[in-house]
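J.: In case you want the letters, here they are:
Protein chains: 2
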Amino acid sequence: MKVAKFGGSSVANAAQFQKVAKIVMADPERKVIVVSAPGKRFKEDIKMTDMLISLAEQVKEGGDTTGPVRQIVDRYASIANELGVDSAILERIEEDLNDLIVSLHNEEPTRLLDAIKASGEDNNAKLMAAYLSQLGVEAHYVNPKEAGIFVTDEPGNARVLPESYKKIAELRNRTGVLVVPGFFGYSTEGKVITFSRGGSDITGSILAAGVKADLYENFTDVDSIYSVNPMIVPNPKEIKELTYREMRELSYAGFSVFHDEALEPVYKMGIPVCVKNTNNPQAPGTYIVAKRNHNDSPVVGIASDDGFCNIHVDKYLMNREIGFGRKLLHVLEDEGISYEHTPSGIDNISVILREHQFDEDVEKRVFGRIQRELDVDSVYVERGLALIMVVGEGMNQSVGVAAKATEAFARANVNLEMINQGSSEVSMMFGVKADGVKKAVKSLYNVYFNEMMTISYSKI
Amino acid sequence: MKVAKFGGSSVANAAQFQKVAKIVMADPERKVIVVSAPGKRFKEDIKMTDMLISLAEQVKEGGDTTGPVRQIVDRYASIANELGVDSAILERIEEDLNDLIVSLHNEEPTRLLDAIKASGEDNNAKLMAAYLSQLGVEAHYVNPKEAGIFVTDEPGNARVLPESYKKIAELRNRTGVLVVPGFFGYSTEGKVITFSRGGSDITGSILAAGVKADLYENFTDVDSIYSVNPMIVPNPKEIKELTYREMRELSYAGFSVFHDEALEPVYKMGIPVCVKNTNNPQAPGTYIVAKRNHNDSPVVGIASDDGFCNIHVDKYLMNREIGFGRKLLHVLEDEGISYEHTPSGIDNISVILREHQFDEDVEKRVFGRIQRELDVDSVYVERGLALIMVVGEGMNQSVGVAAKATEAFARANVNLEMINQGSSEVSMMFGVKADGVKKAVKSLYNVYFNEMMTISYSKI
Numbered sequence: 001m002k003v004a005k006f007g008g009s010s011v012a013n014a015a016q017f018q019k020v021a022k023i024v025m026a027d028p029e030r031k032v033i034v035v036s037a038p039g040k041r042f043k044e045d046i047k048m049t050d051m052l053i054s055l056a057e058q059v060k061e062g063g064d065t066t067g068p069v070r071q072i073v074d075r076y077a078s079i080a081n082e083l084g085v086d087s088a089i090l091e092r093i094e095e096d097l098n099d100l101i102v103s104l105h106n107e108e109p110t111r112l113l114d115a116i117k118a119s120g121e122d123n124n125a126k127l128m129a130a131y132l133s134q135l136g137v138e139a140h141y142v143n144p145k146e147a148g149i150f151v152t153d154e155p156g157n158a159r160v161l162p163e164s165y166k167k168i169a170e171l172r173n174r175t176g177v178l179v180v181p182g183f184f185g186y187s188t189e190g191k192v193i194t195f196s197r198g199g200s201d202i203t204g205s206i207l208a209a210g211v212k213a214d215l216y217e218n219f220t221d222v223d224s225i226y227s228v229n230p231m232i233v234p235n236p237k238e239i240k241e242l243t244y245r246e247m248r249e250l251s252y253a254g255f256s257v258f259h260d261e262a263l264e265p266v267y268k269m270g271i272p273v274c275v276k277n278t279n280n281p282q283a284p285g286t287y288i289v290a291k292r293n294h295n296d297s298p299v300v301g302i303a304s305d306d307g308f309c310n311i312h313v314d315k316y317l318m319n320r321e322i323g324f325g326r327k328l329l330h331v332l333e334d335e336g337i338s339y340e341h342t343p344s345g346i347d348n349i350s351v352i353l354r355e356h357q358f359d360e361d362v363e364k365r366v367f368g369r370i371q372r373e374l375d376v377d378s379v380y381v382e383r384g385l386a387l388i389m390v391v392g393e394g395m396n397q398s399v400g401v402a403a404k405a406t407e408a409f410a411r412a413n414v415n416l417e418m419i420n421q422g423s424s425e426v427s428m429m430f431g432v433k434a435d436g437v438k439k440a441v442k443s444l445y446n447v448y449f450n451e452m453m454t455i456s457y458s459k460i
Numbered sequence: 001m002k003v004a005k006f007g008g009s010s011v012a013n014a015a016q017f018q019k020v021a022k023i024v025m026a027d028p029e030r031k032v033i034v035v036s037a038p039g040k041r042f043k044e045d046i047k048m049t050d051m052l053i054s055l056a057e058q059v060k061e062g063g064d065t066t067g068p069v070r071q072i073v074d075r076y077a078s079i080a081n082e083l084g085v086d087s088a089i090l091e092r093i094e095e096d097l098n099d100l101i102v103s104l105h106n107e108e109p110t111r112l113l114d115a116i117k118a119s120g121e122d123n124n125a126k127l128m129a130a131y132l133s134q135l136g137v138e139a140h141y142v143n144p145k146e147a148g149i150f151v152t153d154e155p156g157n158a159r160v161l162p163e164s165y166k167k168i169a170e171l172r173n174r175t176g177v178l179v180v181p182g183f184f185g186y187s188t189e190g191k192v193i194t195f196s197r198g199g200s201d202i203t204g205s206i207l208a209a210g211v212k213a214d215l216y217e218n219f220t221d222v223d224s225i226y227s228v229n230p231m232i233v234p235n236p237k238e239i240k241e242l243t244y245r246e247m248r249e250l251s252y253a254g255f256s257v258f259h260d261e262a263l264e265p266v267y268k269m270g271i272p273v274c275v276k277n278t279n280n281p282q283a284p285g286t287y288i289v290a291k292r293n294h295n296d297s298p299v300v301g302i303a304s305d306d307g308f309c310n311i312h313v314d315k316y317l318m319n320r321e322i323g324f325g326r327k328l329l330h331v332l333e334d335e336g337i338s339y340e341h342t343p344s345g346i347d348n349i350s351v352i353l354r355e356h357q358f359d360e361d362v363e364k365r366v367f368g369r370i371q372r373e374l375d376v377d378s379v380y381v382e383r384g385l386a387l388i389m390v391v392g393e394g395m396n397q398s399v400g401v402a403a404k405a406t407e408a409f410a411r412a413n414v415n416l417e418m419i420n421q422g423s424s425e426v427s428m429m430f431g432v433k434a435d436g437v438k439k440a441v442k443s444l445y446n447v448y449f450n451e452m453m454t455i456s457y458s459k460i
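Top line first, the protein sequences correspond to chains A and B. Going by UniProt numbering, the final residue of the first sequence carries number 460, and the count climbs one at a time with no gaps. Going by UniProt numbering, the final residue of the second sequence carries number 460, and the count climbs one at a time with no gaps.
In short, the hints are calculated from the structure, not lab data. The reader is advised that the hints may include incorrect statements.
Pairs count within a copy or across copies, as identical chains cannot be separated in the list.
The calculated EDC-like cross-link candidates involving lysine to aspartate or glutamate, where the alpha carbons are at most 20 Å apart (straight line), are [claimed, not checked]: (1) K22 to D377; (2) K2 to D74; (3) K327 to E373; (4) K327 to E340; (5) K237 to E363; (6) K268 to D96; (7) K22 to E373; (8) K43 to D221; (9) K291 to D377; (10) K40 to D64; (11) K439 to E44; (12) K315 to E373; (13) K212 to D359.
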């Protein structure tokens, strides 16, 4: 049994719906289908979700919603009409949307927004089920409440409740193809609550874990996950297989295939994930698995992200001061700042964090507290840093992986502001000034994927 | 004006006293002399300090102290007689020691031990002053109370009180050579309190800062500080000059020339330090300064130390959990464990600490708390680690320093368990399994001090 999730671009228009139907019909194991709201059809197009956000504004302000509702239903109609789906489904969508607006009349703003946004996925799932039925496939729209997706009451940031899985398991007993809208679940009080960014991936992952699927297929618009950002290195090597841990490290820094949390449910159940292309389903895609044989390729990918800064703190004999690091982190926590890493020397410690959290006002306040409460010799911030991750299972057992990396930086003439290796068995992290990041990533790609390096020595 | 400190081996016997006198007389700037207690004359010899510890035991137990006192006075006598110093000084030493024993009758054990241990330095200073006087040098024994060395009331771990410096500055007005015993000061209640390990270095450093010396000379039994441990690499390069920061990083991991705290007073005043050899005072020694020109030698030394362990903690989505690191450090602090470094990945963090603090009982308790209080996926400890520090001002601005280091590890076939660079501008730290440390240090020494490295590439 497979769970297949189709992202926004895979369900953006009639032609994409046809591809999805073909994919579903090609494999009888594809029993649970998760769909996003219709995505952009062309660069300047408006996504369904953005139309719904505008509608939510109107509802909140008590304005006239006729225009926005018309625009939304038209978008579904353009798909349904081209596919020749019975217009009864459009009437249902319009009716459901108007009922929703009325029911939300006195709802608080965050819940209202969640409920209206979620309708984008919800109505698209109804349309997909209707289309599949018309093609002669036994297909059923299944609402997340019926499926059993119960979540915490955190609008825009729902987390699945453990009791969901037992209910979801019952979906195995249903016949036909089950079409479930992505992106949202229900609180125990019956309210619609959305997941955070990438929410349809989360729905698919929860369902795959719940029905104990053999495979969770994630259909998107690329043939595979690449070993490096194609914007930096053209036509990079495709990754055939990587582990959850590798995926997690890559997605942290610049690889936006999956949202952080999306893989947690399948990770915990050990269910493999396959990233595939709706527009080229023959391509083998990339498998994300619990374990892989990494003997011949210790490095699987290189990711990078900028927008970091580094707070340096110096204090003579810091090393002998018990509790120093903990107190420093406490100051940041008090100020609501989350940090990424804390490399330390003997009498100094750095805190790497995302720069958007640390404007000049925050800097002034935090530095004041650090100076007063920790009596340091100096504290300063270095801005405009980028982090580069070299990722691969088993690289920590491979002598020479670090040597290749540092040599790549030297060859690109990019200075290393930071190296962090030692905790993760799956990655090595490097900090550089943001203007050196592209040069460095290219050079790293070359040493790991393109070249043989030979080193010789002579006495001086 | 110079302050010169002579360590235990420099004042162990009459021949050493003669060398010290020659050194003092060779430079009229050497106005303040700090002496340790007599050290070992040969490998099996008993140090004065150890004799005094036995005496303290006797005093505490109310036993007969005649034998131990005789042994101690004899040791001074063997020096005095060979130098032909008037035996009046020996009578004074014996009298002072017996008076001390009587006065300590009801003292608590830690204070008693401190007062008796301190007499080793104190009496040696009296003897040195007497010897210099006999040679026709105007020399005065100056007790630390008279000098103005006032300290916190922490037996065995005294810290200098800031008000000391004003009083010490008055020593500048005194005539002749002032001989001050190292290792101890006085509490504001007038009790003798000793410094921690390496205490005579601390006395010299405090005095140099107090009199605003032009130079603090630290006489020991080596020609210089070496760039690497001579037990690992025979005849290593001597260091001509290094900065306080470099010294501090080196002394942390295996370079035992100075105790951690000893340099703080001179560091704060910017007074240069020269490490010289009593047995070869013509050798230029090693200068420790505030700043050096590091363009031609970014790496100044390589240090290593073993006896570390690494606690690995894994938790999926740890990165998104605010306060995780702080809470983890709090558990360790509660248990009285001090840690060295905390390298982190996305969903994992390591804590490097000295292994002697983490026996199996502590491990069980700490792991239990980490599992219960932080709900982690896994926690385990890796034992038997060594840390290697590559130290040098300006290495963080030098592209390729890291590449040389990692290549050295690869060439020695030693796997890197940890790399930590990013906070200190003066060092890079590497963690390896203890059995690889010698191979790795040799290889590092070769790449930084012995060889040219050439790297070439070919397409694969």
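J.: Check each numbered hint against the structure and report the violated ones by number, ascending.
T.: The structure breaks hints 1, 2, 5, 6, 7, 10, 11, 13; every other hint is satisfied.
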